[in-house]
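Residue strings, one per chain:
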Amino acid sequence: MFLNEVRRRLRMLFQGSRFQQELDEEMRTHRELREQEYLDRGRTPEAARREANRTFGNPATLQEKSYQSWGWSWLASLLQDVRYGVRSMFRSPALTIVALLSLALGIGANTAIFSFIDTLMLRSLPVKDPAQLMFFGREGESGITGDIASTTLYSYPFFREMQKRNSVFTDVAALLSMLDTIHGTIEGQDAMQPMLVQLVSGSYFPTLGVQAIQGRALTEADDTTEGDHPVVVVSYAWWKRALASDPAVLNRKLILGTTKFDIVGVAPPEFFGTSVGEEPDMWVPLSMMRAVPPMWDGYKKNFWDGMYLIGRLKPGVSPEQATSNVNLLFQQIIRSFPDADLSERNLGYLRRAHVGLTPMSKGLSSLRRRFSDPLRVLMGITALVLLIACANIANLLLARSTARARELAVRQALGAGRLRIVRQLLTESLVLALTGGLLGVGLARIADRLLLRMISGGPDLVPLNVSINTHLLVFTFAVTVTTAILFGIIPAFRSTRLELTEALKEGRASSSRGSSRSRIGKVLIVSQIALSLVLMVGAVLFIRTLINLNNIDTGFNREGVLRLDIDSNVTGLKSDDPRMIAMFQEIEQRVSALPAVKAASFASFLFNQGSWNTSIRVVGQNLNDQVNIKHNVVGNDYLATMQIPLLAGRNFSPQDTATSHKVAIISERMAKDLFPSGINPIGQHYYAGRDSLPETQIEVIGIAKDVKFGSLQEPPQYIDYMPNPQHPWGYGTLAVRYTGDFDAISHSVQQAIHSVNPRLPISHIGTLDEQVSRTLTYHRIIAQLSAFFGLLAVFLSCIGIYGLMSYMVGKRTSEIGIRIAIGASRASVRWLVLREIALLTAIGIAIGIPVTLGASRIVAAMLFGLHGADTASLLASVAALLAVALLAAYLPARRAASVDPVIALRYE
Amino acid sequence: MKRDEIPPGTLYLLILKALSLHGPLHGYEMANFIQQSSEDILQVEEGSLYPALQRMLLKGWVKAEWGVTAGNRRARYYRLTPAGRKQLTVELSQFERVFGAIQRITQIA
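Line order of the protein sequences matches chains A and B.
Residues 112 to 1019, numbered by the working numbering, are exactly what the first sequence covers, in order.
Residues 21 to 129, numbered by the working numbering, are exactly what the second sequence covers, in order.
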């Protein structure tokens, strides 16, 4: 019944003109028949027609009524308003351009930032029922640990026991916590190429509920026995990129290490694994761990803890139930391993261990952890900018509505309802906002790419899908409509509230109305200035933070060092193979021998590359297991290459070999804190590890100046440097100190490396300085964007001030004329105008300061070397804001001062 | 001769009744019918039939078809639908209820 009516209504909408014609015809017929009747009764034709028309009524009104009954009149009037809105946009192009530009920037910035928030923080994993997935432990750790009570990293045998014995998960999956780039070959091709390989348990795809779109996903059958399941599932993106979407993909093979793998499936396009911002090229079963470089052999080791575990909750099982079951099993499984070292100390660790389950419906993400805060702050900043833009447009619309006062008055006098006019004005605002929003979406696409590049902090883009989607469009649309209401509602109501007679009179707008209009204008300006101050101080704080961080002494000389990675796994040698050790040394020697190279050395960690840490026990002291030492395995010339000053003792020498007694150079802070005071640490011994195993005993031969190791903000670290032959590390990072042209050096260094082994893949060629400053990506983004938005805010406020002042000067022309006529000097007239804006700015600043202080407390954690807003930053911003405000008001002031009293008064 | 305006809201009723008595009618015939059956007391502003008919078309009470009059003119004929027939009884009982109530009040004095 209802549906039928809707159908009929829709037919009337789409065949409107036919219905109109039919109605017209039938009404005409009716009148003609009536006319004929009167004629037949003997009236004159004239009288007959008049009488027929009279009895019929007004056909235009009747037609209008019929039309209304179809229920589409609102659409017609909307279309009419939209047409009118578009026309009025073209009527004042300057206003339209300013409004559209500020809207596009405001909405675009909000959309762009939101698209990152959406991708990183809001979107669910593209798997079956992501809300049921639970991550074992807490995000943030990766690597391999021997810690018996590790609650985030687990061993493969532990995973199997947990999978078998738990009663709360439908299934449990494991994946290696490290995602390694390895160099492999596609069968039939010569060149090796980098591939991101994720090792996963056979239960990984079934647990996630992800099906392959070609072939099959990995299954439990691929993960039963070690070493004999050379199969791989590739990502959709890799299939497209590396295999050009070859339809015969299932016949293709890959060579990883020395093993040939069959491609058995292609993952669906939306599936990127379980970590947002990482995108493995392929998934290999953990059973093949030993075949895939770097050829870990942890498959059967009970305490080789390097896996993440993910469980899918059974329906109806609460996270609390799951947690208690998991923790019970955790204790049982670990204690049941025959090789468990259940010393008193380890039992203590175990008793304190608690496995927390983390919901992972949105996936894991280190990017999210790093960028949630800055994104939130940026969202706040862009929202403020949009508010300022709204205030600005409201001000411009108010100014225009004064110009349109007569038009609106005429329409009201002719009987247009106030609400009807308000609706029309709001529709105009909406047209403006939607156009701005459309431009904003376009702008956001560009901004997204820019931001992605900024977040990536290097040449390789982080694989994040931030393209425009419906989620985003809904957000943008909501923002757009809100802005339209924000900037449209005041002018709309203000300009329809009028005393008709006043407005209809010739001459300038009535004084009472004008003053209330400029009162709103002033309030808007004051709030713009207050918000601008907040944004400016924020920008100053973030910029100073970036400068402070950049000025931190790293302890090494970050200039003049080339760095690159080689993949030594392709040799197929173990890292403790003497040939491997010799290869590293030979590369160091050949590179060092190049002209323009001063020194070269491999290192396991240059800066911000992770760490290998253990406890130590200084001979003659008790173990403090809370202290962790970061070990850096290096070449002999490492300190020279990095220009880290040796404070005491000797450097490594060729005499420090695999068989000689073990030596280390320790950091200044380690020497100071961990060795007994009063005794020279040089010549002292310590054990690397908790236990006093003789083969881990190391002699201190030197003390080096403290350096930054993981980040610029960190306090001095406990670091020891150990020579590669004594602690063989299959490392890849080479540092080269050089002088002269980077490209030339880079070329000759690569040649030298390939002269040692032509098969070594070389990647990530860059400078140490870039590597260091990449760790400031987060702060750089905040500083650059907050500066940009701060300037934008001030610029918008200036436009607002200029507009308001021009309007007020225009209104006071006659008053100013009189003042000049009776002898006021031009300077005093200029001051009259400037004083007004100075006052408004001062009020804005007075309101802005407490807001700024409050806001700066929110971002205090993101600052460095500053504690919230300090006087210097505040004063600088206040001064700058005052200066630009007066500058913006200067032009109108000069115009006021150049008023010719004769003309001004004649006009009156 | 003085004619009275029809009470508001009864136009649907009159149209429905007219159609149920006479079968398909066009607008002019309807107006005539209402006038004549009420012995010229009820005066419909003839044009107002049309917005009412449009609404009734929407509600599905009547159906319209083009046909030819006795005088060989093209005209749109309206016909009662089953829904319209049902509506007629609804409108009738409603009218009687209201009319009865008014009558009771006016007869008190």
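Honestly, the hints are just simulated from the structure, not real lab data.
Note that beta-carbon positions come from the ideal geometry of N, C-alpha and C, so glycine has one too.
Warning: the hint list may mix true and false statements.
[Stated by the list, open to error] Here are some, though not all, of the chain B residues that point toward chain A, as calculated from beta-carbon distances under 10 Å:
id, residue
1, GLY47
2, SER68
3, ALA72
4, GLY80
5, ALA84
6, TRP86
7, ARG94
8, LEU108
9, LEU112
10, PHE115
11, ARG117
12, VAL118
13, ALA121
Here is how each hint holds up against the structure:
no. : hint   : verdict
1   : GLY47  : 5 Å, holds
2   : SER68  : 6 Å, holds
3   : ALA72  : 8 Å, holds
4   : GLY80  : 6 Å, holds
5   : ALA84  : 8 Å, holds
6   : TRP86  : 8 Å, holds
7   : ARG94  : 7 Å, holds
8   : LEU108 : 17 Å, violated
9   : LEU112 : 20 Å, violated
10  : PHE115 : 22 Å, violated
11  : ARG117 : 24 Å, violated
12  : VAL118 : 23 Å, violated
13  : ALA121 : 29 Å, violated
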